[in-house]
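Residue numbers (our numbering), protein chains in the order written: chain P, 6 to 500; chain S, 6 to 500; chain G, 178 to 628; chain X, 178 to 628.
Treat each hint with caution, since some may be false.
Said to hold, decoys possible - Simulated DEER-style distance windows between Cβ atoms: (1) 628/G / 38/S: 48 to 54 Å; (2) 462/X / 200/G: 55 to 61 Å; (3) 120/P / 340/X: 45 to 51 Å; (4) 340/X / 40/P: 27 to 33 Å.
Stated by the list, open to error - If you only want the chain G side, here are some residues facing chain X, beta carbon under 8 Å, derived: (5) 224; (6) 225; (7) 256.
Treat the hints as calculated values from the structure; they're not laboratory data. For glycine and all other residues, C-beta sits at the position ideal for the given N, C-alpha and C.
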Amino acid sequence: WDEPLIFELSKPGRIGFSLPEPIEDVEVDIPEKLKRKKLELPELSEPEVVRHYTRLSEMNYGVDSGMYPLGSCTMKYNPKINEEIAGHPKVAFIHPYQDERTVQGALQIMWELEQWLKEITGMDRFTLQPAAGANGEFTGVMIIRAYHLDRGETQRNEIIVPDSAHGTNPASAAMAGFKVIEIPSNEQGMVDLEALENAVSERTAGLMLTNPNTLGIFEEDILEIAKIVHKAGGLLYYDGANLNGILGKVRPGDMGFDVIHVNLHKTFSTPHGGGGPGAGPVGVKDFLKDYLPVPVVEYDEENNRYYLNYDLPKSIGKVKEFYGNFAVLVRALTYLKIMGKNGLKAVSEIAVLNANYLTQKLKGTRGYALPHKELRKHEVVFSAEPMKKETGVKALDVAKRLLDHGLHAPTIYFPLIVHEALMIEPTETVTKEDLDYYVEVLKKISEEAYSNPEVVKSAPHNTAVRRVDDVLAAKRPVITWRMYKQLKEKGEIDI
Amino acid sequence: WDEPLIFELSKPGRIGFSLPEPIEDVEVDIPEKLKRKKLELPELSEPEVVRHYTRLSEMNYGVDSGMYPLGSCTMKYNPKINEEIAGHPKVAFIHPYQDERTVQGALQIMWELEQWLKEITGMDRFTLQPAAGANGEFTGVMIIRAYHLDRGETQRNEIIVPDSAHGTNPASAAMAGFKVIEIPSNEQGMVDLEALENAVSERTAGLMLTNPNTLGIFEEDILEIAKIVHKAGGLLYYDGANLNGILGKVRPGDMGFDVIHVNLHKTFSTPHGGGGPGAGPVGVKDFLKDYLPVPVVEYDEENNRYYLNYDLPKSIGKVKEFYGNFAVLVRALTYLKIMGKNGLKAVSEIAVLNANYLTQKLKGTRGYALPHKELRKHEVVFSAEPMKKETGVKALDVAKRLLDHGLHAPTIYFPLIVHEALMIEPTETVTKEDLDYYVEVLKKISEEAYSNPEVVKSAPHNTAVRRVDDVLAAKRPVITWRMYKQLKEKGEIDI
Amino acid sequence: MGKQYLPNLAHKEEMLKEIGFDSIDELFSDVPREVMHEFNLPEGKSEYEVFLEMNQVLNKNKTVLEMPSFLGAGTYFHYVPAHVKYLIERSEFLTAYTPYQAEISQGMLQALFEYQSLIAELVGLEIVNASMYDWGTALGEAALMAARVTKKNKFVVPKHMSPERKKVLETYVAGAGMEIVYVDWNEKGQIDLEKLKENVENAAGVYIEMPNFFGLIEENIVEVGEIAHDSRALFVVGVDPTILGIVEAPGELGADVVIGEAAFFGNPMNFGGPRAGIFATRNDRKLIRQMPGRIIGMTKDADGKRAFVMTLQTREQHIRRAKATSNICSNEALVAVAAAIHLASLGPQGLRKLGEIILKNTAYFKKRISEVAELPFDGINFKDVLVQFEVPYDVIHERLLEKNIHGGYYVKPHFPELGESALFAVTETTRKEWIEKLIVALKEIIAEAEL
Amino acid sequence: MGKQYLPNLAHKEEMLKEIGFDSIDELFSDVPREVMHEFNLPEGKSEYEVFLEMNQVLNKNKTVLEMPSFLGAGTYFHYVPAHVKYLIERSEFLTAYTPYQAEISQGMLQALFEYQSLIAELVGLEIVNASMYDWGTALGEAALMAARVTKKNKFVVPKHMSPERKKVLETYVAGAGMEIVYVDWNEKGQIDLEKLKENVENAAGVYIEMPNFFGLIEENIVEVGEIAHDSRALFVVGVDPTILGIVEAPGELGADVVIGEAAFFGNPMNFGGPRAGIFATRNDRKLIRQMPGRIIGMTKDADGKRAFVMTLQTREQHIRRAKATSNICSNEALVAVAAAIHLASLGPQGLRKLGEIILKNTAYFKKRISEVAELPFDGINFKDVLVQFEVPYDVIHERLLEKNIHGGYYVKPHFPELGESALFAVTETTRKEWIEKLIVALKEIIAEAEL
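Assemble the whole structure, with the sequences as input and the hints as a guide.
Dropping the structure here:
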């Protein structure tokens, strides 16, 4: 349905707040020139606010609504116990600057989480500070930078990334001041070793790699890759976005990675919240731990006391205020404790089983090609290139048509090396019936594409709004109500 | 959409639970004949359970979804702070038999709530035990019964109720062993004093009255009514379903009522939960307090100690296990503390304003008659009798057509004394825009009834399911999955 | 003062004017002036202030998470998975009313139909209503229904029944003038069949509980049913449904009516409420017609599609008024939905496992507690165990509380013949270290007392 | 071990067979055997056990509800109305991802558009992104953006800035090789305009905060902006948005870019995270093109109906990769939505009142605290107040803690020149009795120390 903007629901005089009175009615004068003049916020009562956002929520699709196989995003079920623990007053009502003795529980949670992550990834020390994956990547490459500078290797100003990498990898490297060197994948969908050999040099600061990579393919040559990079004096960075595919089976640390980030909101079941908050802890091998952001959490076993350690003279500094997205950390630890060793192993096994099940069931369907190796880990990338060539129906159209069946689309047009990519990651929390239905719908769309392509091209048909015009959005940006009103006044807008 | 039954989603082997291991694996043998054999519960994982009930919830309409003007139900907004406080672990995790010293907070809440209710209603003592309005009515009439028996007036076996009364009134009286005497209303929609005079006798145990009554009309002659009943030796019972219409203005106790119940889930904003849990505290005048159910909560001011008092030798006993729907009581007290004196008064003022606003706006619309007095309190009853006569469109059809506009229908066919009744109670938490829209839609339906009655008669058209066949439901009852399977096996059912 | 809940407060004058009234007072002109009241109530507070205040008051409570507790006797600390609360708090469920308008209430109707269906599978009967207030009131209604069905006036129950439930039963049947007959227990702490036979003549119904008040499995439950049926009495079984993964469905054991407490699934203890009474009967028109409470049925919509609706309403008060089968109107719908969600999550494996864990934990507890006290009854216990001490139990209770342990439920005030006894209960939530702590404490206390 | 989350665990063999695999191991045949690892992790536990365990650990925390606390310095105890949390916990919001598929994500898109719009009204600028991680990282991004826009390399900031934020800023600009210049405060605890002028040459941006680190309103903020603009530097204002009901919108005071902390609305403190950084700019194509972060725009659907969509994505990493305006991908969407819901509930009246209450409470606190300590700076304080003691503050802190009071934030380690000072903060949540308790305690402590 149509829900007006909250500004359009405003009625003068309505009150949606309740505030305590001031302690004492002291007179304080703000200088006239600094006094607030206009303040055009909407005026609504609480029932109206509640109804508005309840309705908006009903116009949104979440993991609890149905299958949500966005590749590279690991949209697994978010256990509700995570929310209950994270919503505890003992989480909500603590201030980050409280005396350590009054937040021992919070510090213990952070310390315990670090121990889990260390064993899971094979790294020696973690910072929980990064707020998201990209913030973690930035942290990681800054550590690599600090390491080389510390050793006087100021010439190491290049970071190598494969062409299948997440966009955040080159962006993070660039933000840290590195030059980004892109290397191609081989026909198997893996790092081309020759290209890597050619790319490394005394300027190489490191290689950023996702394994399993964004095609869902495990980089079989990982030990060789590590050898090449290390031999050149570079460090190996692990992008943990796809950790779900190897959880409990094999560890980045054992594959030779020196720095890694993990995404708690992907692998460890904390909810994505429509785009955040996430958390992107960064782990390092022992020789890099002095470069971690401050503070790190320490445990004084003798006195059974947890504390914050700011004394890291070589630290890169801070990448976020305070200690990370604490409430997200609480959720992840809750999940880890429930899953335990066998549970985590089962996660990757079932996630990989589901992805390969879907791959094998869909494979051979007209219009969808399966480039690269067949064996996948947690996700698979099909190409709608044949369909596009033969019928004009693009990956985008397929995605939109899926919405008509109450399903969320896969990630599309990524990784860039697959044309018309459909990147499907079912995760371990979907059912066999879900997978069967997803394949069935994709097959049906293929049939439609070849028999009645228009119905696919004009999809979606059953959603709250029809296909949304993003070209218009970019061409004539309307970013805020304030802009909207200005355009409206000038008669330049008709929505 | 269509959501299968949870049984139909079952897959053998799926697990949706996690349980701790037994403390020790002690062998215990249940006698063979008492051992459980078949157990056909559904098997689902937690994500599936969550998705199923999330979807079901989306197929339901609540106060947060839109206007819900069910007459006599007071569907006001349920503040979310109520839920937060009631969800506190200090509410959830206490056992009713805990030592008083460990539940002082709980007892204080009950005691405080009683103080509020006493002042609001003008009664001298309350029990919070009844689980709902009808449970409260039963409590009240049992107290009336105990009072008369205690005084040796065993012949008082009649309870008088007006013909406009809620069905629960006669049912509760009958359950307590009384004979129910129904008296008619006058043309103003109020108790007919003459009929009352004729009905009272030495057999009269009491009169049960709702004021404002179910027509939304304040019984102007209430003081005279009280006099008549009391003079005959009977007691006056107040059905608090409509307390919202006089809150903070006038008190049942001051009008002459001896026993009353209030509905916390109506007047005091606790949510209705799809039919419950509610709470129906019962208040009495001083001379009846020895008959209250046990225990009552007492406060020992000297020792600042709250305790449960079971020592009421004349008590009617218990009407429910333990002390009432405690978590509901917590919500109501939270609400009362926020509203306070002026807030409660504003509640009835705005509720009455809203009802009269709607009455005046709708009045005169073709097909809807407004029988009885015009001035209403918190609700109004229109009659679709003219519409039915002129077009064949019944109150039921009007109700169903409202659903097509995203609105909840009023209560229909009640009170019984109004034919084709449409009983509308907006409450104080709706907006003027809501009221205007409701009137607009009712007018539109009137137009449709006179121009295209079929569209109304076949409504609803835009809902998840079309008009539901309740005759079939009663004729060939299918009450459980177990029955459904049996019928299915016999081929006697096709749904 | 809650202005945030009153959108039209800002439009009072405008609205009055539109409908031709001068003032709010005019809207109340029908209320006799002489009884108008100036209320003596505190002024309203901000949400924050009330939040603080309620938190402070609630902090005076000590929960079972803060001290090992062995209380049972009709209320048990079970763990409710977080998703249950999460789901029933969705406002479409939480803020809805009774589903009068079926077309926009299919979610609640189906959820309640599923509740009925799940309970039906559990208890082994076809007909289940959408809930009573609790086990106690369900018992009261069952007695009244037995009287209506059999046109007899006596209801036979075990003497070993919760005092709570007894009092509710007695109040419920008082108006109908029914007689409640209490039958003694035997040396095994189970119903005495001989005494039952002596009392069953002319009974409208015979009632038995599984497990019984002492936490014991009534091993002769089938025989009890036979005795009831031999006298043409209805056989009513009250059941703690958490036992039904390991104990046979009462419907399979001869029950005509099964009642019990649904809130043991899906709902926290909440100081005793809200709860939800189970009420189920055989698929027998005579029984269905006399059944109390709301019932949801499956039917079709105008397009022939499956749909759900409240049904068999001609039994109910809003239609039958004084002749209704019960006065119940609001029930415990959301509590029932919570129970259904929990049950659906447990499934057959979970329910079996739950029963086994509790059975084993109870057996372990008996083993340990018998180190320090007597167990007067030999039998199979589930949750509750009757424990007899030599030291007065109120003394023990005090000392336990000082050690931050909450002991059992003192039964002496209700059953003096059992001496210094208390009902101690364990469930799947009881931890080994809690029991350890209790036994150590009891040993100390008893040693002290013996000095 | 979390079996409840793994529906297909029961269908492993069946599924493997269907796709022609023999075993799970075969699916991992591409992983080098030599690095496969036997994990040394605890076994999984039941939800109940973890619930108990986490509760026990969390109970070691002492919250600001359990002791009066005067901590601020960049994180404040504000009260969040209950409906905010209730709404953002709805799973359609909570469990959604970034709204890549606009057609089924209109709810989140509109909510974020409303967030952008509400912030725009607050700060007086047209362009707002859908959130950064927090104020600190927003500052880092603002500095980088200033460098991109002006092609200059120096960023001028006040020395009186939170140590936290300084460190984030320095880390963020290190890779770009930017220089951060710190400008001293004057005797009023506000930025020294003369020293600012001395440093502004060649600056990419000049940054100022409102209120500043000492809790003071920077009275010369307009002049600071003019000095910045005179040097063709971007004028960046960092704002605590809770002040904007009483202090003029930075956009009206000349700001080109406004940053700040959105989580002060709608979100609890959560030990410092999650939060959400405000990022807003003037409606200037040059600025928009260089802006970091996600932006939601209004557009039409195929039927011409209003719809929302992520827009201006060509600035972002997934398209521009190494040349993106920032690497940010996941942001703090739900935190922003919470802030929006809270703001929409406050409205203009609420925001004004909130500002006034805090202003008055702070003034009252200053009056009281000056009974026992020095206030080195004279000015208008909002929340934070710098308080100077004669007794070493760490000693005072210890003694306060013993009395169950949490004092302020010790600034000496970061600003030794300020002596034994601490930042004490109050907000609308501070109760009179807390201040009373603090003053009494401080008097006692100081008296003791003087003995």
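Verification of the hints:
Taking the beta carbon of each, residue 628/G and residue 38/S are about 49 Å apart, inside 48 to 54 Å as hinted. Judged by the Cβ atoms, the range 55 to 61 Å given for residue 462/X and residue 200/G holds: they are separated by roughly 57 Å. Between residue 120/P and residue 340/X the Cβ separation comes to about 29 Å, which falls outside the hinted range of 45 to 51 Å. At roughly 31 Å, the beta carbons of residue 340/X and residue 40/P sit within the given window of 27 to 33 Å.
Interface restraint check: residue 224/G against chain X, minimum CB-CB distance 6 Å, threshold 8 Å, status holds. Interface restraint check for residue 225/G: the shortest CB-CB distance to chain X comes to about 4 Å, inside 8 Å, so the restraint holds. Checking residue 256/G against chain X: minimum C-beta separation of about 4 Å stays under 8 Å; hint holds.
Of the numbered hints listed earlier, the single one contradicted by the structure is hint 3.
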